[in-house]
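Asks: Whole structure, please, built from the sequences with the hints as guidance.
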Amino acid sequence: MKNVEASIKSGNESLKTKISELAGDLGYEETAYHLPVTYALTGNAVKNADDARSAYQRTGENPFVACECYTASVTAENGKEPAPFTGFLPDADLRKMGYSLVDGSILGLALVAGSPPGADVVAGICRELQEKYMLTFLAGDVVGTLAGSGVKVGAEYRLVPLGSTPLRGIHFVDIIARVAMMFGGVSPGDPDRLISYARERAKAIVIVFPGLNDEEIAFIDALSILGIPILSMGGYEGGNWHLATPENVVREGMDQKGIKVTVTAIPIPMGCSPAFEGKSIRKEEMHVEFGGGRTPAFELLRVRPAADVTDGKITVIGPEIEDVPQGSALPLGIIVEVAGSAMKKEYEPVLERRIHNFVNYGEGSWHVAQRDLVWVRLSKEAVSKGVHIRHIGTLIAAKFRIDFPNLLDAVQVTLITDEQKVKSALLEAQKVYRERDQRIKDLRDTDVDLFYSCTLCQTFAPNHVCIITPERPALCGAITWLDGKTAFEISPSGANQPVPKGEVIDATTGEFEGVNRFVKKASHGEVERCCLYSIMENPMTACGCFECIAVMLPETNGFMIVTREFKGLTPSGMTFSTLAGTIGGGAQTPGFAGVSKNFILSDRFLQAEGGIERLVWMPGQLKEELSERLLKKLSDSGRQEFFDRIADETVTTTIEDLMDFLAKVHHPALDMPALI
Amino acid sequence: MTLQTQNIWNGRIGTVTIGADRAHGGTRTLQYTLGGEQDLAAVGPGATQQRPLIAAEICDDPGIWSPIVNTFMGDTVNDTAGWAGTMESEYHPDIVRLHLTSTRKRNFKDFSGIPETVSGVLKSTGLPLIIEGSNDPSIDSEVYQKCGEASSGERVLLGTAEAGRYRSIAAAAMAYNHCIIAQSPIDINLAKQLNILLKEIGVPYDRILIDPYTGALGYGFEYSYSVMERIRYAALKGDQDLAMTMISAAPDSLNIREVREARDDETDRTAATWEFYTAFSAVIAGASIVCVRHPLAIPLLKSAIDSIWPHSAGREA
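Residue numbers (the numbering used here), protein chains in the order written: chain A, 39 to 714; chain B, 107 to 423.
Quick caveat, the hints were computed from the structure, so don't treat them as lab data. Worth double-checking, as some hints may not be accurate.
[Claimed, not checked] Covered, in the sense of this in silico footprint (three residues per stretch, anywhere, with C-beta under 8 Å from a C-beta of chain B), are these stretches of chain A:
#1 132-144
#2 213-226
[Claimed, not checked] Derived lysine-lysine pairs resembling DSSO-like cross-links, with alpha carbons at most 30 Å apart:
#3 B:K343 with A:K539
#4 B:K215 with A:K170
#5 A:K241 with B:K305
#6 A:K558 with B:K343
#7 A:K295 with B:K305
#8 A:K134 with B:K211
#9 A:K351 with A:K418
#10 A:K635 with A:K559
#11 A:K558 with B:K305
#12 B:K215 with A:K190
#13 B:K305 with A:K298
#14 B:K305 with A:K559
#15 A:K134 with A:K118
#16 A:K423 with B:K211
#17 B:K305 with A:K382
#18 A:K134 with B:K229
#19 A:K382 with A:K170
#20 B:K343 with A:K559
#21 A:K539 with B:K305
[As the list claims (entries may be wrong)] Footprint (simulated), chain A over chain B, 3 or more residues, beta carbon under 8 Å:
#22 249-263
#23 269-277
#24 280-293
#25 305-313
#26 342-354
Cβ atoms here follow ideal geometry from the backbone N, Cα and C, with glycine treated the same way.
Replies: Right, dumping it as structure tokens:
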């Protein structure tokens, strides 16, 4: 058993001696990068022993510089090692290798060094590395041992034998250094950039067998500075070396470095592409449906410990497609269980929302709504091609793996179609939904320093910017502040960006200096100011996805709200769609605002204009939907009688009758300060 | 002729250099630096105006090409290198765009033929090149590696990256120091997204050209026009992720009904005219490179471009 720390010390001493004994010229051929590691670290081209010594001094006796100069000197003296050893690889090979890395045809680099106990062990590891698309470099006895096992080595097999001793593994480092300079824009002589490039971009691991001497240990250990995990197969103790077994070493290493094997094709008998997202399945085209009010249905995504999730496992509990006649309605519970070291519980709702897109990607599958309101259909055409209920699961699992490769390591899906089992699982799901709502419910805008933006809709409203706060969800109602935060964590350059609040300009109208700055930039200079709690003064722009529109009615000194679902005329004299056409497209329209249903219940809604008591009219359906929560909000402040003073279409849809009604019920808006 | 600007813009289009002459490590007789505009096409002070470039398209397998062009060119189309040379010497385009249509054949395996074709074309013309590789993700890796390697040092423009498949092209551009065409299906946000994806993988912005994709004039071009305009507005308003030069090609111009049904003695004129009007509209929408297949479209484009951009505004660096 070798003690790593002690060996590093003595190893570095003997490397130092080697450097002091160097003589003559050194250098590699067929490269523009001289001695690449030394060149990358110092910016100097080492051409002889004196250059080498000065570089070694300048880098604070860096073991890579020592190994590289020593190896170059040995090569200069004795020539290249005989085949199969490749020795230093020319730049042309490097370009090809870098190409494969960027291209994705190889996923990462591995260095295997040391003296394996037997051919089978190392052959198994190397085969696994090949299967996982790793490009593997071999240095030391491992090459000979492997040859004895019948595994073929050579670049074409993605097993590159660098040299006969572990120190020749320095070529592995010169490859990383050159890739950083060729592809990563790292300039020679900038060690910080080199290290950060290696840490963030170089997907590399090293596997060490026993038998390394002190110098070799010092060299291997230095790899950890580059963020390369060192996996030990035994024989070493101490240091930051991770002990692994032949069975788990490749997986461990790839996990530690975050190297993921990606899924490409989805094995289901129907097409799957965003191109099919907008295609709906009408009743006559439908083979079977789930939910939509006809049967109980829900969807739920949970994060689980890795041991509890088998990637790609799909389970159907209850009847399959052949068990039911065409035109049936089945209950459905979609339970997606995911595991991943970077996955967090807070991500659950954001990922769960993606089930909607994924199911719609299927050529013959269709999905609307969310949570326990879902409605799913499979088309006759798809079923005739062999699509089963389980394929919904296959599709969901595969798409999650493809779209969130850095987040998820395993995804399994359970589809319940047995009515009793759906009902009992539904109770559990509803508990989770409530917990999630509770998390955001108690959060106030004043509790946070960051809001989140949403510019998802800039596709069709190029200057629209949604600002999402804990109390004001996106106007589409689909993204809360927590979702915005999560979406940013998952995809840092995506449509949801953090917006620092900055100085409060006006706490009543909800104008913040940081928000204004962000909105101006994100609206490409179109919108200078944005008041989050006002509709009359610099209101938020509207894209077109709003759940509701709030409209000022000058005659009433108040506001009405109309929902997307309400098809009739409103007291404004316009229908929802006419209003939507007027205010959408990313414009700022004082007196009009797109809002989500939940925002109506917030104290921030109409704060600048005097609060909820400005509300004079809303569709009966919305009133009913909000009634429980709205009544509670009103009665908490002793205003429960206000609820009945809000008119709906059963009272009137004309402004004249509305005025009569408001006067009759003594609507508070009539006595509030004039809006204009 | 330039119009007075109507807007105060705060953005500027980034520059991109295509082709490498001997002084820059290549063998081209000239190279172009495109971009740098601070206003819409043909608007604003002349100093920011770039003369748009004309690319003549050729291919290495005329079996997959417009029969109109094949008939017009005769035997020339069977000799890819010769075709490139003829285009340069007789029709004077600014760029040659080589489509490796041979790779579109089922079970294409002749990867070693690619470097031969590419170096043949590089020898027969001194103009900067655009190389269009495969159309099939399963062979992309090998095809683009060969394209990139064979034209190493020449700073070609490699096409065409899309959101679903851009890695091989990006890899070739990074490994062999070329530029790439990033194509999105007539959608400003997808154009931006692809640029961000390319940036994340490590392609610098000064190597990317946007192709917003288009149909022929009268067959959907108006959508592209509008998207090109919006991309340019966004860029001029300061959106760095869209501040790239644009390229436009509408090969469908040769397949539309009016061209197919033209009288035999009118076919060439109709084809060339349709290509010309589509390409010229793209120029006005902001394209810096427009691509045509019918040789007779080239002189039409040249004289139209000359009428707006005096020849001296070209950036033959």
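Asks: Failing hints, ascending?
Replies: Every hint satisfied by this model.
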